[in-house]
Amino acid sequence: MFSDTTTVWVLWPEIALAALAVWIYVGNALFRPKPNTQTRLGWTTFAAAAVAFAGFALYWHQGGAVWRQSLVLEGHGPLAIDYFAYAMRTVALLAGFLLVLQASRAGENELVSEYLGTLLLAIVGVMLTASANELIFLFLGLEMLSIPTYVLLFLGRRDGATAEATIKYFFLSVASSAMLLYGFGFLYGMAGSTSLTEIRAALETSSAADGGLMTMAPLALILVFAGLGFRIAAAPFHFYAPDVYQGATHANASLLSILPKIAGVVVFVRLVGVTMPALGDFAWQLAIVLSILTMTIGNVSALWQTNLRRLMAYSSIAHSGYMLIGLAVALAASPAEAATGGLSSVILYLFVYVFATLGAFAAFTYLGAKDREVNRIDELAGVAKTRPVAAAIIAVCMFSLSGIPPLAGFWGKLALFGNAIRLATNTESATLQWWFIVLAVVGVLNAAVAAAYYLRIVGVMYFRTADTALPSQGGWGAWSAAAAAAAMVLAVGVLPGRLFDNAQRAELAVKGIALPEGLSQADAPTSLAK
Amino acid sequence: MTAAAYFVLLERWIAAWVQDRRGPNRVGIPLTKVRLFGLGQPLADGLKFIFKEEFTPAHVNRGLFVLAPIAILAAALAVFAVIPFGSVIPGETIRGWLGEESDRPIELIAAPGVNVALLYVFALSSIGVYGVILGGWASNNKYSFLGMLRSSAQLIAYEIPLGLGILGVVAATGSLELDVIIEQQAQTGVWFAFAQPLGLIVFVVAAFAEAARLPFDLPEAEQELIGGYHTEYAGMKLLLFLVAEFLHMITAAFLIVILFAGGWHFWGLTDPGFWGVSEVNWPIALARIAVLMTKIFLVILFFMMVRWSWPRFRFDQLMNLAWKVMLPLGMVNLVAVAVFEELRKSFEVSDWLLVPMAWAVCLAGWLAVAYAAPLTSDNRPRRGLQPYRVDTQI
Amino acid sequence: MATAFLPVFLFVLAGLATSLGMLSMGWAFGPARKGRVKEMPYESGMDPIHDARRRFDVRFHLVAIAFVLFDVELLFLYPWAVANRHPEGIDAAVAKAGALNVDYSRMLVFGEVMVFLAILALGFVYVWRKGVFQWR
Chain W
1 MFSDTTTVWV LWPEIALAAL AVWIYVGNAL FRPKPNTQTR LGWTTFAAAA
51 VAFAGFALYW HQGGAVWRQS LVLEGHGPLA IDYFAYAMRT VALLAGFLLV
101 LQASRAGENE LVSEYLGTLL LAIVGVMLTA SANELIFLFL GLEMLSIPTY
151 VLLFLGRRDG ATAEATIKYF FLSVASSAML LYGFGFLYGM AGSTSLTEIR
201 AALETSSAAD GGLMTMAPLA LILVFAGLGF RIAAAPFHFY APDVYQGATH
251 ANASLLSILP KIAGVVVFVR LVGVTMPALG DFAWQLAIVL SILTMTIGNV
301 SALWQTNLRR LMAYSSIAHS GYMLIGLAVA LAASPAEAAT GGLSSVILYL
351 FVYVFATLGA FAAFTYLGAK DREVNRIDEL AGVAKTRPVA AAIIAVCMFS
401 LSGIPPLAGF WGKLALFGNA IRLATNTESA TLQWWFIVLA VVGVLNAAVA
451 AAYYLRIVGV MYFRTADTAL PSQGGWGAWS AAAAAAAMVL AVGVLPGRLF
501 DNAQRAELAV KGIALPEGLS QADAPTSLAK
Chain D
1 MTAAAYFVLL ERWIAAWVQD RRGPNRVGIP LTKVRLFGLG QPLADGLKFI
51 FKEEFTPAHV NRGLFVLAPI AILAAALAVF AVIPFGSVIP GETIRGWLGE
101 ESDRPIELIA APGVNVALLY VFALSSIGVY GVILGGWASN NKYSFLGMLR
151 SSAQLIAYEI PLGLGILGVV AATGSLELDV IIEQQAQTGV WFAFAQPLGL
201 IVFVVAAFAE AARLPFDLPE AEQELIGGYH TEYAGMKLLL FLVAEFLHMI
251 TAAFLIVILF AGGWHFWGLT DPGFWGVSEV NWPIALARIA VLMTKIFLVI
301 LFFMMVRWSW PRFRFDQLMN LAWKVMLPLG MVNLVAVAVF EELRKSFEVS
351 DWLLVPMAWA VCLAGWLAVA YAAPLTSDNR PRRGLQPYRV DTQI
Chain V
1 MATAFLPVFL FVLAGLATSL GMLSMGWAFG PARKGRVKEM PYESGMDPIH
51 DARRRFDVRF HLVAIAFVLF DVELLFLYPW AVANRHPEGI DAAVAKAGAL
101 NVDYSRMLVF GEVMVFLAIL ALGFVYVWRK GVFQWR
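Protein sequence lines correspond, in order, to chains W, D and V. Counting along the first sequence from 1, when you hit position 52 you're at 52 in this note's numbering, and nothing is skipped either side. Counting along the second sequence from 1, when you hit position 46 you're at 46 in this note's numbering, and nothing is skipped either side. Counting along the third sequence from 1, when you hit position 93 you're at 93 in this note's numbering, and nothing is skipped either side.
Among the hints, erroneous ones may be present.
Okay, derived cross-link-like pairs now, DSBU-like style, lysine-lysine, Cα gap no bigger than 35 Å in a straight line [said to hold, decoys possible]:
{"hint": "1", "chain 1": "D", "residue 1": "Lys324", "chain 2": "V", "residue 2": "Lys34"}
{"hint": "2", "chain 1": "W", "residue 1": "Lys385", "chain 2": "W", "residue 2": "Lys370"}
{"hint": "3", "chain 1": "W", "residue 1": "Lys168", "chain 2": "W", "residue 2": "Lys370"}
{"hint": "4", "chain 1": "D", "residue 1": "Lys52", "chain 2": "V", "residue 2": "Lys34"}
{"hint": "5", "chain 1": "V", "residue 1": "Lys34", "chain 2": "D", "residue 2": "Lys345"}
{"hint": "6", "chain 1": "W", "residue 1": "Lys168", "chain 2": "V", "residue 2": "Lys96"}
{"hint": "7", "chain 1": "W", "residue 1": "Lys34", "chain 2": "V", "residue 2": "Lys130"}
{"hint": "8", "chain 1": "D", "residue 1": "Lys48", "chain 2": "W", "residue 2": "Lys34"}
{"hint": "9", "chain 1": "W", "residue 1": "Lys385", "chain 2": "W", "residue 2": "Lys168"}
{"hint": "10", "chain 1": "W", "residue 1": "Lys370", "chain 2": "V", "residue 2": "Lys34"}
{"hint": "11", "chain 1": "W", "residue 1": "Lys168", "chain 2": "W", "residue 2": "Lys34"}
{"hint": "12", "chain 1": "D", "residue 1": "Lys345", "chain 2": "D", "residue 2": "Lys324"}
{"hint": "13", "chain 1": "D", "residue 1": "Lys48", "chain 2": "V", "residue 2": "Lys130"}
Residues of chain D placed beyond 12 Å of chain V at every Cβ, according to the derived structure [what the hints assert, rightly or not]:
{"hint": "14", "residue": "Ala78"}
{"hint": "15", "residue": "Thr173"}
{"hint": "16", "residue": "Ser309"}
None of these hints come from the bench; they were simulated from the model. Fair warning: this is a prediction, and the values are worked out from it, not measured in the lab. For glycine and all other residues, C-beta sits at the position ideal for the given N, C-alpha and C.
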């Protein structure tokens, strides 16, 4: 126990990234370079290099060992060393790299090191959440994400709207953390352990026996849904999102729509989808109701928004609703051990959503300037003439978000709705059939509604003439981040097979199922399992 | 309490001696002409306080206003529960009177066996800050308010070096019990004043500040702040504040002696083996008490001499000293102690050998801090400073 | 354990009783006169203009936050400091856990504390260079 340093070795990309983030803070404070554009450029490069380094560390050091890892290893305490964790850490690092690039001109020169360092720490938080297999570690990861987020929100811009948005987000986030923690408390009380593996075992055995402590399980589920619903902006806890997004900068809004979403979905998958499937009908019914509510509220409210970030906020809410479909499928499928495709479609959709949203926001950042951001949709008029590449990027991302066939978003929606319908057709239970058919129909209707406002943005860009030209001073960093994200969206749209493959592998891994022979070069747990 | 009253007298004598004048020397036994060097003065002072008006102004928060002096004095008194005032006395005699069987030696400590004694002392001395804040806030007076802000900032700023100083000793003894700490110093014969000179410096300075003694008496600073946080207090409530301050000084003296100066230990004199006995007998017990009391008296004399030897700090110097000098020195001391403990465990290095190393660390730390924060003692006005950049947007 | 703390509680009670007793003595024997001017806040003879509780300098908040940060870090160090040399401390725990190389395991603990202190020192440097301690 005392000389076991496996944890340190597994987590060392995170540790390295956190150390480099601390160096960004301290180094800038120590040498106090002039707060000008060169310094900003230097620190942005440093931060991007740090994220890239962490990515290589993750790939080289663990890729070989973890790539083929399919089982949650026992005896490693708080850590889940499986393909799902590895994949989610990779997604966090990729998104983080683009976020760093995008922020190359956001905020003030004086505070650049604070902004970048805090951003890196938020990425570390997401990565820690992804590799947590224990309640306390999970909560630490989530806090490691949310506390830097408060700081980042405040650092974005200096005005009343930002301050208001930050304070709103802060208080609601604290309240949601408290609810989540309360749910964790119930889980711990039922299982007598903070390890997710043991909680799952305890829930399964005691559900086989009589009621007893299990009566508390729905309560725990509701509290966990409340806490995580805030993170991913799902229905009854979505109300903060429009105001906060509107008050934040584009860079911060993209961060807010990506990092907490990744973390929230990761915890949903690992804690709700894998640990608590033994809860019976209640769980999937809750997920379905929330999913329908979230989708509908998000899409319908987005229809009459004129503010760009408000619209994106409602769009982010709606996409959370789609992801809850996959969760409902995973919760309803029985037996729980089988791979049903529910979780893999969530993972797939998360990936698709993250890059489409990031591309759109990065392009908006590029089109604006530090003191003049693109606020209203009308301001985008005529961008296709003045900035054709940026307009094309935005168009690609919007098409992907609305799910137009050749792009990534289509495959995401296809996986989600397809799995819901497959579950409905395969099951014997009439209730399940009815519910999931309704869910799929509502989902498709919502996608149709969503297309209206996404296409409106494209229409404004291409079919209206500009009154005044946009400044387009967001910097090459934002431009390249947008281009990279759009390229990713295109690539996944053209060649979705590899992503489907990896998502399915992640689902199997997170459920602790050995990979079937044909899927990939799956091996037994290797060197790290010693 | 009585000791506090007589320490006031002592302080006034010393003040008079330093300033080359006569101190209180008249009040003796009442109704006679016997002067007795003014030993009756504290009694007269106390009586006068009793017959002062117990006045509470109309503009204050009455509850908090009364609570503040009570909190500060009760905390200052309760600290003494865990402070030993000697080592042990032979058990059999007293147990014999009480008719008990055991002849275990009795520890001279009100609450023996409290294993978080130092934390308790630390916690209760922090309550002093509450007294200050409550008093200043409840008074609803601008002088009190300013005094409260300044003195609470001072007290909390110096609590960190205080904790660092204690932490070094705790790391070297592995106990939070004061008698165990003394015992260890007596066994090795190396007082922590020698083994951790840096810790001693940090702790003594912080203790001065916590007791709000000159040169750290910013909380009162009667020349600048009218009266600090107790401007609106009079009569018995003021007395509670003043007594609490003297008690803080006595506590600080006890802690300095116990943590760093070996407590009741004096080489040979307090050692049973030196006198050829195996157990602690009455003469040795009394000698130990005498040694402890002498040391404490000397430390208090030092406190009082310092009061009349140094001018008061300016507030920015005060803060600089706390954060830029004492805190890093305390951390250096802690790291040094940790390293020495590892050396001791791994290589069996003797205690005496570590002393010169500790002094080298002390010197190095001192020089480094002098290099890093050179302006702390600079009294010249600063012209190059920019005014605050006010953020008008928010 | 319960009995060990009994004298402590008695001392706290005694302290409270002493303070209250002294206060009530003053209240019982002292005179009580009131007056309009006497009840005003003391401002060296000026009439007070407004309430004394107003907004004050943000530096006091900074000091308070810095204090909370560093004090909490110090409190984290107390358990280590006690366990470092306590007879049932780190060495005993290492031996009990059955670690193969006791010296190595102990050095691991030592290393962790040093990393903790290094992070604390980095934070200190950051705060210093950012001018939190600059009182002007």
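Verification of the hints:
1. Lys324/D - Lys34/V: Not satisfied, since the Cα-Cα distance of roughly 49 Å exceeds 35 Å.
2. Lys385/W - Lys370/W: holds (22 Å)
3. Lys168/W - Lys370/W: holds (23 Å)
4. Lys52/D - Lys34/V: holds (14 Å)
5. Lys34/V - Lys345/D: violated (69 Å)
6. Lys168/W - Lys96/V: Not OK: Lys168/W and Lys96/V at ~50 Å, beyond 35 Å, violated.
7. Lys34/W - Lys130/V: holds (14 Å)
8. Lys48/D - Lys34/W: Violated, at roughly 64 Å.
9. Lys385/W - Lys168/W: Judged against 35 Å, a Cα distance of about 38 Å means the pair is violated.
10. Lys370/W - Lys34/V: Given that 35 Å is the threshold and the Cα spacing comes to 64 Å, the pair is violated.
11. Lys168/W - Lys34/W: holds (33 Å)
12. Lys345/D - Lys324/D: The given pair, whose Cα atoms are some 32 Å apart, holds under the 35 Å limit.
13. Lys48/D - Lys130/V: violated (52 Å)
14. Ala78: violated (4 Å)
15. Thr173: Nearest chain V Cβ is 6 Å from Thr173/D, so the label is violated.
16. Ser309: Fine: 25 Å to the nearest Cβ keeps Ser309/D off the interface.
Hint check: violations occur at hints 1, 5, 6, 8, 9, 10, 13, 14, 15; the rest are consistent with the structure.
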